[in-house]
Structure formats: structure tokens, C-alpha cells
Amino acid sequence: MKLFFFEVKEGLFISLRAIRANKIRSVLTTLGIIIGVTSVVLMSTAIRGIDDAFQTGVSSLGSDNLYIDKWEWFNRDVPFWELRNRKNLTMEHFEKFKEMAKLPIAVAPTIFTPITIKHEERTVEFVFIVGTTHDYVFTNSLSFADGRFMNELESNGGRNVIVLGSEIAKKLFPNGGGLNNDVKLKGKKYRVIGILEEQGSWVMGNFNPDNQAFVPIESVFKYFQEEFWNSITINVRAPNSQSIDAVKDEAVEIMRKIRGLKYNERNDFSINQQSGLLNEINSTVGVIQIAGLLITGLALFVGAIGIMNIMFVSVKERTKEIGIRKAIGAKNRTILGQFITEAAIICLIGGMIGLFIAIIGGMIIKQFDFPVTISAEAVILAVTISLMTGILSGFAPAYKASKMDPVDSLRYE
Amino acid sequence: MNIITIEHIAKIYQVGSEEVHALRDVSLKINQNEYLAIMGPSGSGKSTLMNMLGCLDTPTNGLYLFKDKNVSLMNDNDLANIRNKEIGFVFQTFNLLPRSDSLHNVELPLIYAGIPKSERRERAAEALENVGLGDRMHHKPNELSGGQRQRVAIARALVSNPAIILADEPTGNLDSKTGEDIMHLFHEIHETGNTIILVTHEEYIAEHAKRIVRLRDGLIESDEIVANRFIPKKNGASKV
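Keeping their order, the protein sequence lines are chains C and A. Residue numbers for the first sequence follow our numbering, beginning at 153 and rising by one. Residue numbers for the second sequence follow our numbering, beginning at 9 and rising by one.
The set of hints was computed from the structure by calculation and includes no laboratory data. Where a beta carbon is used, it is the ideal one built from N, C-alpha and C, also for glycine. Incorrect hints may have been included.
Claimed, not checked - DEER-style ranges, computed between Cβ atoms:
(1) S184(A) x L180(C): 41 to 51 Å
(2) V160(C) x G51(A): 38 to 48 Å
(3) G449(C) x R107(A): 30 to 40 Å
(4) E130(A) x D560(C): 26 to 36 Å
(5) R177(C) x E130(A): 27 to 37 Å
(6) V531(C) x D76(A): 51 to 61 Å
(7) R107(A) x L180(C): 11 to 21 Å
(8) D84(A) x D204(C): 31 to 41 Å
(9) E130(A) x L445(C): 46 to 56 Å
(10) N41(A) x L180(C): 45 to 55 Å
(11) S184(A) x D560(C): 26 to 36 Å
(12) V465(C) x K218(A): 39 to 49 Å
Construct the entire structure; sequences and hints are all you get.
The following block contains the structure:
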């Protein structure tokens, strides 16, 4: 055992000597590994970043929330034609549901319609206008930078009031102070009564509250009849995530009653929740992960072949050296160890440089608002991968070197 | 004491479809503190015999006993061990590691013997002192003259206190004056009790030894004691 460590240590020194002696070749060889490790680390952190962003995006839907809808959001179990033939959900359904449901702490109807918002010279096109009621604020965890949400009076009367998402507000009022100003939706004046704080998730696109604006649902029915999607969504908030299944069961029961379904008829509505989206996202991220790692793995593979190639050349070139070493008593396994160590060190150095570049690259990408964090796992990944690559790609050349005949290799010029 | 006993050894190489009998039937005994020269024209099998004696190769037939151990039956690992501890090589082309300094070159056999660094350094430095290169320890081979390189090689051969020194045309790449110096060094090494086997094709060099074995066509032609042994003088050129 002691001898083994001794040999490893001496092998290390011998390898370092050889690497220093062949600087240019070592650098060129390392390049392949640098590129490989850089791309593996960057890719894995990017995927992690995407995943994190999705997860925060999903959490904005709320783990305590259910969304009763005509449409099935995530599952593909129900055929499209059946979804399309379902009857729309209307405000009457909502009113009945609100009356009958006992468990939820809040319910609110929503309807989405894309409309261009104007303020003086500034325009934001295709804003997702959410028509809803004053109860919406209780189904959600929105926080306000300024002002307030619509009240019951404004909601029921379908008044022309609007709450702006932070992005929209920034675009319309770049200098701030949007509160109590008027904006125009298709020529209709709306008074800004509230501006949301930034919710911060770039993934959800138009479903991110930052890019939405909220108006009373009655005013949507009044002005934008032809634009809105004909079916409403009922947001249901459970008291907590433990009770969500009970709330869901109750909701199904009530909705079946409201819709007048017979016991043998299928539900003609869907109850959507965050976990559905989570599954969807996890499988998407999984695919990205596999594809990404495959591609970067390829880069690493090319690097490994480069190492193997150069190690073969190196072994050939140093035939005489191998002969000398064997003549003065180097064992086969000592030579094997020496060349494998050499390849491993080259790769490890390459891996370190690659990691360094990846960290810098990550910092640069971060400047473009793409979420990246180099994790401890990425560091371990880089080190392990580069070591393994070195050992694996160094093995065949090292084995060849160890099996050389001392007489022949001494004669080699 | 008997160090080497070889009995009826033969070495047959397969070159293409042809069999080459490099050694046909050679028997030889070498005792401790002998100074032996092996001579013969090229193709006589002297290189093959040297490789055999140096445990770089094993015979096809016959028996080779090194200090009563049967070398003919050894595997690569055992052979490496015996080369490391019992045999010191000196080659015609010096065969030093070109990118390592003298000290590291001399230290190398001790590394493979598993000797700790401080002791290694000490012994290597001492060996270099003994061949007169105490002031050239950190020179690389290309910064040394031919004679100096051969001295480094001799120091490397001596450093592990081997049972035999095996020198293959040690003066072949040197001018005659430097060659003379090297032969003087061998003389001194022999005087201190070492066993030396010299492989050469030069009569003049062989006559430095006490006994000459002549090979021809893979057989021993003659094996005789040198009558008029040439004792090299230490001349001024030794401080190359």
C-alpha cells in the first residue's frame, strides 16, 4: 500500500516533468478538454437556470390554486374535439359556484383578452388584459408598488379602472408616477388605480403578472365583447396546499351539479392546477437536459479522442525513453501508471481552465438577465469528468507503452 | 562467488517466415569481481547475449541462473526488479533522459526501487561525485560533453550498487582520449570490487579486461585470460 502511494507520487512528478517538457503539445491537447468541460459546465448550469426559472414561474400560479376551465391546460388525456365541444363557462356558472362552494377562501372569475394599451404617445401592444372581480386579489399573492386593487363597487359596476403589471407600467410611464393617470384601451379611457410590484419571472411570458393588466370583468363584457375568449376561468384558492384535494373534490361535485351532468357522463370542464404544469415542465426540462448533455458530451468525446491521439503519438515518440526506463528497472505497471497519470493531469488542468472559463462565461451571460448559477455540483462534475476522460483516453496508449519490449524500444531512434 | 551461470542457452528470433539463430549453444560462468569482455564481429550474437545477461530478454532454450535464481522462468515484473537492483547498464549512446538533469537521471533507478527522496538525492549526488561530476549535477545531457554524459550514465549504473555492470561499447561514441578516461573509470570501479562485463568489438578496449570471451555465429569461439592486460593510466584529459 505504501509502495502504491509512493509510485503514484513519483508517477505524478514524472508526468509533470513530461508535461512541462512538451509545452505546446500539452496546451493543444488540453484545448479539446477545455472546450468540452466549458460546454458541459455551461450547459448544465444553463439547464439548471432554466429549470429554476420555470419553477419560480410555476409557483406564481400558486400551489394552493385551482383553475376551473373549459380547457384542459396540461394533460393530453382528453381529445381536443371533446374539449372544443364543451359548453363555455359563463358568469352564471361562476355565481352559482361561488354560492355553493364552502371550502375555498376565495373564488374569482377571469377572462383574458389581448388589447393594445396607450398612454399619450406610448403604446404597448397585445397586453394580456385580465378581466376579473375584486375577489381576484384574494386568490393571488399579488403585491403592490403603488395604489390598490379594484374594489367591489368598481368591480360590480364594471367601472373603467385598471391595475398595471410592473413591465407595462414601466413602458407606459418610464418616469414613474402612473397612478391616477388615464390610459386608453381601444379608445376607452381607464383610470390607473394600482401598479404591481415586479413579480420577476421571465419564463411565463404573457402569463407573468408583470406583463398583465387587470380590469373589472364586467367592463370587458361591456366593451370588448368580440375580442375576449368566450369562456371564463374560475380561480379557486384553497386555505392551504394540504386541503387542495378536498377543495378539488368539492369543486368537481359542484360543477357537475351546476352543469347538470348525469352520473355516467364525463366531466365537461377541467380543474387545472400547478402540479399539472410542473409535470409538463419537468418533462420538458428533462428533454432539454438529455439533448444538451448529449451535445456537450459529444464535444467532450472529441476532446477525449484528441487526448488519446496525442498520447499515442507521445508514446511512439518516447519509445526510447520507455526503453531506458525499463532497462533501469521500471515495471510495466509503473509505465502504465506514468502515462495514465500524464493524461489525467493534462485533462485535469484542462478541466480547471474550462471551469474557470465557464464561470466567467456564466458571469457574462448573467448580464443578459439569463439566470445562471455555477453550483458546487458543476465544479465536482467538471473535475470528475475531466479526470475520467483523462484516465479513459489515456489507458490505451499507456497500455501500449507498458507492453513495449525493452530491447526493441532501446534500439528505437 | 558465482554470480552468473548460463548453460546451453539458445535464442531464436522469428523474422518473417525465417528463424534466426542468434545464439545457438552458449555456456558461461561469471564470478564476483570479474572483469570480462565479450567480443565478436557483428552478427556474432554478442548483443543478444548482452540483452540476455542484462535480463532485458529471456532465452528460448537453456538455463540462466542469476545468483542462483532462474531468470529463464521470470515474468516481466521479476525481470524489471532484477534489472533495477542487480544490473547497471552503460550504453554506447549513453541513453540518458534528455530533458532531465544529471541528478535526476542518476536518481531514476532509485525511484523505481522505492527509495525515499532524501536518501535518493544523497546517493545520486554521491555517485556523481565518485565519477568526478560533483559540479555538473544540474546540467542536462545536452549541456555536457560526450565523456561527461557517459560518466553520468556510469553513475546511474552504479547508484543502486548492482551485482554486475554491463557496458555495451561504452567508448564507441567517444574520441580515443575520452575513451581512455572512461576505461580508467571502469578500471577503478573494478578495483573497488565490482563485476564488469564489457561488450565490444575493439581488441584494444577488450584488452582492458582480465578475461575475453569471443563469439562467432552464436557460439563461443574462445574463452581466455588476457595475458598482457592493458592498465589505463589516468591522464590529464579526465577533467573534461
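Results for each hint:
For the pair S184(A) and L180(C), the beta carbons lie near 46 Å from each other, so the given range of 41 to 51 Å is met. At about 44 Å, the CB distance of V160(C) to G51(A) agrees with the hint of 38 to 48 Å. Range check, G449(C) to R107(A): about 36 Å between beta-carbon atoms, so the 30 to 40 Å window is met. Look at E130(A) against D560(C): about 35 Å separates their beta carbons, and that is inside 26 to 36 Å.
Between R177(C) and E130(A) the Cβ separation comes to about 35 Å, which falls inside the hinted range of 27 to 37 Å. A C-beta distance of roughly 57 Å is found between V531(C) and D76(A), which places it inside the suggested range of 51 to 61 Å. One distance hint, 11 to 21 Å for the beta-carbon pair R107(A) and L180(C), holds here, with the actual separation near 19 Å. Checked against the given bound of 31 to 41 Å, the beta carbons of D84(A) and D204(C), roughly 55 Å apart, lie outside it.
At roughly 53 Å, the beta carbons of E130(A) and L445(C) sit within the given window of 46 to 56 Å. Here the CB-CB span from N41(A) to L180(C) is close to 53 Å, well matched to the stated 45 to 55 Å. Checking the proposed 26 to 36 Å range against S184(A) and D560(C) shows it holds: the Cβ atoms sit about 31 Å from each other. Taking the beta carbon of each, V465(C) and K218(A) are about 47 Å apart, inside 39 to 49 Å as hinted.
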